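Novice: For reference, the chains in residue letters:
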Amino acid sequence: MRAVRRAAALLAAGTLTAALAACGPASGDGGAASGDSGAKTVTVFAAASLKAPFTALAKQFEATHPGTTVTLSFAGSSDLATQISQGAPADVFASADAKNMAKVSDASLVEGSPRDFASNVLTIAVPPGNPAAITSFADLARPGVKTVVCAAQVPCGAAAKTVEKETGTTLKPVSEESSVTDVLGKVISGEADAGLVYVTDVKTAGSKVKEIPFAESAKAVNTYPVAALRTGRNKDLAAAFIAAVTGPEGRQLLLDAGFGTP
Amino acid sequence: MNRRKDSAYSGIPRWVVAIAAAGALFVLLPLAAMVARVNWPQFIPLVTSEASLTALGLSLRTAAASTVLCVLFGVPLALVLARGDFRGQRLLRSFVLLPLVLPPVVGGIALLYAFGRQGLLGRSLEIAGIQIAFSTTAVVLAQTFVALPFLVVSLEGALRSAGSRYEAVAATLGARPTTVLRRVTLPLVLPGLASGAVLSFARSLGEFGATLTFAGSLPGVTRTLPLEIYLQRETDADAAVALSLLLVVVAVVVVGLSYRGPAPAGSGSARSAGSAGNHGSVAP
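Taken in sequence, the protein lines are chains A and B.
If you're matching positions, the first sequence starts at 1 in the numbering used here and goes up one per residue.
If you're matching positions, the second sequence starts at 263 in the numbering used here and goes up one per residue.
In case anyone wonders, no lab produced these hints; they're calculated from the structure.
Note that the coordinates shown come from a computational prediction; the quantities given were computed from them, not determined experimentally.
Be aware that a few hints might be false.
As the list claims (entries may be wrong) - In the EDC-like style, the derived pairs of lysine to aspartate or glutamate whose C-alpha atoms are separated by at most 20 Å in a straight line are: (1) A:K161 to A:D139; (2) A:K203 to A:D236; (3) A:K208 to A:E249; (4) A:K161 to B:D500; (5) A:K51 to A:D236; (6) A:K235 to A:D116; (7) A:K103 to B:E388; (8) A:K40 to A:D182; (9) A:K99 to B:D498; (10) A:K99 to A:D116; (11) A:K51 to A:D116; (12) A:K103 to B:D500; (13) A:K210 to A:D139; (14) A:K203 to A:E166; (15) A:K99 to B:D500.
From just these sequences and the hints, can you work out the full model?
Specialist: The structure is reproduced here in structure tokens:
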């Protein structure tokens, strides 16, 4: 009886270990195999706002580099920076601001030095009917207008604070969201009368929002840097992808998406 | 009674204990890892900063309000589900329990289309002068939405295991339904109700997804502690970890309080505690 029990325990422990082991290195093996054999993979961590141009660029890159796969991971720049510092296997990092790139380069994880490849400015997004009749940045501070902005801790919020300071306008937002997509979501759903988002976000949202451009947005320009990572497996491919981003084809795709030149 | 419990059969196979230990470790290890990352010299300043205290205060207030709403609506719901006998009862139960398995962000979107400015009820409410969007009310609604099933499940379980014998007896003695409910049923399931309320409170305290989607994030108005943690994580990992630990401690205290009592949510003790109270209240 006791022997049976012990055997059962061993079996259970064995199964558990096997199960855990199966979850673990499987992906690692795959990665190593693809690095060694003909099929090459370049893993790109990119800011969420780069989704449209980078997806198109990855397709072009795969076409011009046969046998290559570009794996894209889009998220908030600070999330990506944290993941990279924690050892996430990425070859290229494209950040939406210099601050998060600095986090990665301060940890000595950047190969060479980062290159600026695009810029983005804030704009006002309102629901299609523009219910609060917003025409300028100052209108956002009007009492009764439900304005939503990013919190000062995230890049779009920092940019909004800069514009406030430059124009001497103090906004009283009804919400300070932690990502620009949340701001856009509140405008699209009609909860907010206006939101401060990036020009590229308005472009992505299409007819779901209306853009009210304002001249003061030029006071806070966000620059996007890109860099190869020291932890990357595929240094040549990483360099080639960055060349594509900063080259003419990348520039055109970024311009189409609403980005400016750095 | 205690001795009898000791001599009772507790033949848990050793391999079950081994797997149970692995399971417990799986929960405890990440928490321990988080505690190890706490910046202790800075801990007190971090958790007592104005932003943290504002968020904690808002969290406690909204969670308390949500718990009151959960009890208010959850008790009748649990009674109807446990004691009622009608068509569509199973369907009703499935729908009431739905928020348990729904991702909170889905709950947030659903609430938005019901109570938002452009929503089903939101427009009429706005005409009536009630604005829910971006208000603390929105936070309470989001928390109640996700926490209600916890109360309903606990209480319905307690009601079912308590059985309806005593209620039937009380009814044959001439007690009206409301009297039976007040004097027999509720005292009988009080422990179940209490643990359900505590679980709802704890779930409300941890609510994040629905609040973020539906209510927004403004200090003192809608930015609860989980939202503050999410935001702090962007810039100050130390603050995020310190606040996370604070939330863990609050949750442990809250849950500990409910399960420390003599009658946990278990069916057997709920019944014995209930029947003891029952004799006292009905016999005279």
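Novice: All the hints need checking, so say for each whether the structure fits it.
Specialist: Checked hints:
1. A:K161 to A:D139: holds, 16 Å
2. A:K203 to A:D236: Violated - the C-alpha atoms of D236 (chain A) and K203 (chain A) are around 33 Å apart, more than 20 Å.
3. A:K208 to A:E249: The hint is violated at about 28 Å.
4. A:K161 to B:D500: Violated. K161 (chain A) to D500 (chain B) sits at ~24 Å, over the 20 Å cutoff.
5. A:K51 to A:D236: violated, 23 Å
6. A:K235 to A:D116: At roughly 19 Å apart (the allowed maximum being 20 Å), D116 (chain A) and K235 (chain A) satisfy the hint.
7. A:K103 to B:E388: Violated: K103 (chain A) and E388 (chain B) sit about 45 Å apart, past 20 Å.
8. A:K40 to A:D182: The hint is violated at about 36 Å.
9. A:K99 to B:D498: Since the Cα atoms of K99 (chain A) and D498 (chain B) sit roughly 13 Å apart, the hinted pair holds (cutoff 20 Å).
10. A:K99 to A:D116: OK: K99 (chain A) and D116 (chain A) at ~13 Å, within 20 Å.
11. A:K51 to A:D116: holds, 17 Å
12. A:K103 to B:D500: holds, 15 Å
13. A:K210 to A:D139: OK: K210 (chain A) and D139 (chain A) at ~15 Å, within 20 Å.
14. A:K203 to A:E166: violated, 25 Å
15. A:K99 to B:D500: holds, 18 Å
Consistency note: the structure conflicts with the earlier hints numbered 2, 3, 4, 5, 7, 8, 14.
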